[in-house]
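Which chain is which? The protein sequence lines are A and B, in order.
Counting in the numbering used here, the final residue of the first sequence is number 298, and the numbers go up one at a time with none missing.
Counting in the numbering used here, the final residue of the second sequence is number 1335, and the numbers go up one at a time with none missing.
There are no misleading hints in this set.
Cβ-Cβ distance ranges computed for the label pairs, FRET-style:
no., chain 1, residue 1, chain 2, residue 2, range
1, B, G1138, A, G42, 37 to 43 Å
2, B, A1128, A, E9, 32 to 38 Å
3, A, R144, B, I1104, 37 to 43 Å
4, A, R144, B, G1138, 47 to 53 Å
5, B, K1254, A, G42, 32 to 38 Å
6, A, V116, B, A1326, 28 to 34 Å
7, A, T72, B, A1131, 31 to 37 Å
8, B, M1323, A, G120, 33 to 39 Å
9, B, P1259, A, G120, 32 to 38 Å
10, B, P1259, A, A284, 43 to 49 Å
These aren't lab readings, by the way, just hints derived from the structure by calculation.
Keep in mind the model is a prediction, meaning the values are calculated, not measured.
A virtual CB, placed ideally from N, CA and C, is assigned to each residue, including glycine.
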Amino acid sequence: MSAPCLEIEGLSATLANGVRVLRSVSLTVEPGEVRALVGESGAGKSMIGKAVLGVLPPSIRVVEGRIALEGTELGKLAPRASRALIGARTALIPQDPLTALNPSRRIGPQMTDRLVKILGWDGTKADQRIRKLLDDVRIREPDRVLRSYPHELSGGMRQRVLIAAAFAAEPRLIVADEPTTALDVTVQKQILRLIVELQREHGTAILFVTHDLGVVAKISQKVTVLYAGKVVEQADTAALFASPQHPYTRALMAATPRYTDPMASLRPVDEAVLAGLSAEIATADRNWKPNARGSGHD
Amino acid sequence: MILQRTLTRLLTMIATLFGVAVVVFVVIRVAPGDPISMMLPPGASQADIDRLRALYGLDKSLVEQFVIWLTGVVHGDFGTSISLRQNVLGLVLGRLPATLELSIFALLIALAVGLPLAVLGARERGTAVEAGIDVANGVALSIPDFLWGLVLILLFGVLMPVFEISGRVSPQLDLPFTTNFYLFESIVRLRFDLTANLLGHMFMPALALALPLAAIIAQLLKQSLKELLTLDYMVLARVKGFSETQVILREGLKNAALPTLTLVGVQFTFLIGGTVIVERLFSYEGLGNMAIDAVVNRDLPLIQGIVLVFALLFVVINLVVDMAYALLNPRLRHG
Ligand SMILES: Nc1ncnc2c1ncn2[C@@H]1O[C@H](COP(=O)(O)OP(=O)(O)OP(=O)(O)O)[C@@H](O)[C@H]1O
Ligand SMILES: [Mg+2]
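Extracted from the complex, chain B is given alone in its bound form (with noise of 0.2 Å):
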């Protein structure tokens, strides 16, 4: 049963994997923009050009390209990129960690903002403190995440500068690090003059992500316990004499937690696709930037890396929701 469940789970997962594939190399070879001729100077030969051509494959059918590529990928080799001329693999890995460290902060923000606003609107339920908590919600939430990037560093950045608006670290540092997780390394090594610079870089870009995400889990979440309020156990507690905040946090949020939790799995994977323009944005060295340079320059092989790994990413993110909502569901977690 459980076997049966994780083998159908896996190949979902692999199927998925493998539409994302398809879709992207075709697209970005119908799409106009010839990568060859971006890397010639204006007026190479066609001798020239077709020999380019040939070395990349790109003279061979759709399918005998996609068929090579593919098997490439199932080896673990995701092809050279184009403009950087580097194995694409080891350029994607090197900048998937800037990434998700910017994700898992700006996740981190977004439930440390979103929680407490959800609990005390729950609480103070029908009063101007909530009607001040949805007009918040909707601000932020009517407000994209690139378009925070460039109010925050218009207010932190140029009227106020208290924080970096660009790269990930402040480049004269000496970085002791063996990995590219900078933060968690940084923190683990108990750098945290380290730790502080690179927070310093992360924090206008990931607020920016996040505070939309932030809303969301603020708004869902305060619905959810606002409809369990009510109920008969809810009550109960209440006539046991806890606080209607101990009420909350005891009895409703775990149980308000299950609805919220898939959306929110859902809005975490739309704010990893907002890095791409919000990475560029403040200059951070991330996949997301990457993955701009890579259209501008048509580099196909590191396109198709990136967005593999883009989907590799959502692709887990979903299944550890899934595992999360069994964990807090005890009528699953028991058959």
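Excised from the complex, chain A in its bound form (with noise of 0.2 Å):
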């Protein structure tokens, strides 16, 4: 059997006074699947998604657990080959198009520099992948888009470029983070459906940042909840949503009615649940200490 696409194995992190903002997690993302990772704001999914990329801010540590992506254990590189890695075998959906794409750059080239720079790609196939993708994502002005600078084109087309760009080198396992909270409310399912489509199409495994029960359900066939840095369950989506196990999946649901439509929004989650998880996650913490195995990482 083959090593899955991403593994996290017991991942905890903390911030610079100690403080424990992921706790323990661990997920899989197997080749070609859409695992989605659920979670209320602060909840630390964006944490685990930067941890994957090797992007977490200076601030934050991670104090035990090991990620290998394809079976390969990112800690145990130089951070120039784990960097070199995970530049050819992942990519990221950034949350806000607006600030994802640099200012005083040209489209085109900040499409291409992955393919010619770090994948060594000649400048035509970089250049024809790219119209290909665009083409995928309904970009009908290739040549006016390459040549924009960002300012020049809607929300709703820079996050185009920016999945059209993740698709490009075909990786293995994309990091999307929250890709449709940033656009109109119109735009949002245009974007969602183009992701699955290209997902389907490349099979490509996603791991889905949301705190959108809606999205879970539409596009992923696993789902990890996260409450507070800390995996409360973890299901196939059509068993999670079909019988929940655990009470706070049950609250996130009951405060979401019509978790079938995107366009809700999270309504608060029932106090007493999480008076429960918040008691239970303090104990936890207290006779917490970080095992040796974290040390390896950097």
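Make the complex out of the two chains shown on their own, each in a separate frame, by following the hints.
Structure (structure tokens):
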């Protein structure tokens, strides 16, 4: 059996002051599978994505656990090698298309630079590849778009550009960090549909970060529910919606009455459930000591 | 729209120069010291003094004098130097190239030192390397350019004499130049022996002028780079597989340069102001050195001419900075 596309095992991270933001998180993403990572704001979803991509801010310290891409443990590689591996195997679809493109560079070079400078493709091949993907994301005037600066494109256009760029290098894994939250409601659905379409066509595995159960239902085969940096439940998406096991998951669903509608927003989760969970986490934190394995990870 | 902007810009420049002209004209005439009495031997008769005053137009009222001078300036006549008895415009233009070469060389040194330090400091943020750069910047900034000049003279002129400490070029050399842009011309004529000699003279005054500016560039640029480093497009570049140095150079530098640029422009005008004392210190035959002679001799027309040229330089530098800003910023470029 081949190694999972992404394997996270017992990952814990702390802030500079020692407060834990990730609590022994374990999850796997199999090749070609979409795993949703769902939780409220501040749960640590983006933190997990950044840890996988090796771009945690310096104030966050990984204190234990391992992350492996297709069986290669990142913490065991030299920083340069780990970055090269991440660059070759993964891609990021960021949350905010307005800030994810460099305002002073044209779109074209921003889309092709990974292909040419990191993966060593020749310019013509990279250009053809990008144009093919722009066509896939329904951009009809590739010449104009490639020559544009980011401020000349709408938010939806920019997100299409970023999606096309993410798929261009045929990554094995894409981390999509709430790729639709910054967009207009009408654009959200189109973008989501494009991501699903490209994901199927390319067979790319996606770790899909969202706080929206409606999106989870639409896009994922597997789901991980996160609360305060702790995995509370993981299951097949269908199974989770059919019979949620954890009280927090049930409370989260109750707070999103029309969770099949991606436009519905979260209402506050039931207080009693949260209180129970927080007490449980506080007890666990008191008894927690980072194990020795974590010291090898940078 | 563009025409209107250019026109406004031009009018502001002219108004600035006019303001400078008025202020200088009045200040040097109100300040104590009489150029005429300095020209004549002690005990000259009142009649001699009056004759000379009339010759230089100093017997007329302030307003009359100003109008006469300004009319001349508009027609390209800056008057005659009282102490040197030569055409002011010729004198000033003769010395300007020396000062321009010195200032631009100093700017290049400041960039060559400041840019890499900024990039290195941003890359090594939060480490001892960054702390070291901060300390070096602090030292460079807290010592003014002319004191750096003295320090450099002591170090590399006296203790370890590697550089020339006086003049612009060795006087015994035969100079084939047709303009006063010696350095530039020596390069164009491929006379690198002369280039080396000129640089040997220019290096220390230029370094003295450059050090504070280098520190400002290093500090400002490092700061704005560090602010950019957490932005999404920087993170995305790291995910793409670019190294930290590549991320800074490819994605950061141009955007960080924008906020730095304006201040560097202002600081460059300060640097040019600094040439006045530094040129004196190194007996470098530039405009600044001449300015001090002119002030000592109360040479009113010459002072006026020099100050006006300095003012023109500052105005032009501001214009260049604004144009560079627009060029670097695609938002401005496309309206
Ligand atoms: N650079 C940082 N320094 C210190 N704390 C941080 C930093 N970034 C995030 N945090 C904290 O870490 C926790 C997890 O943040 P994270 O961004 O992963 O949340 P999230 O689940 O992605 O939330 P959202 O839905 O709002 O994006 C939060 O409590 C947040 O305040
Ligand atoms: Mg987030």
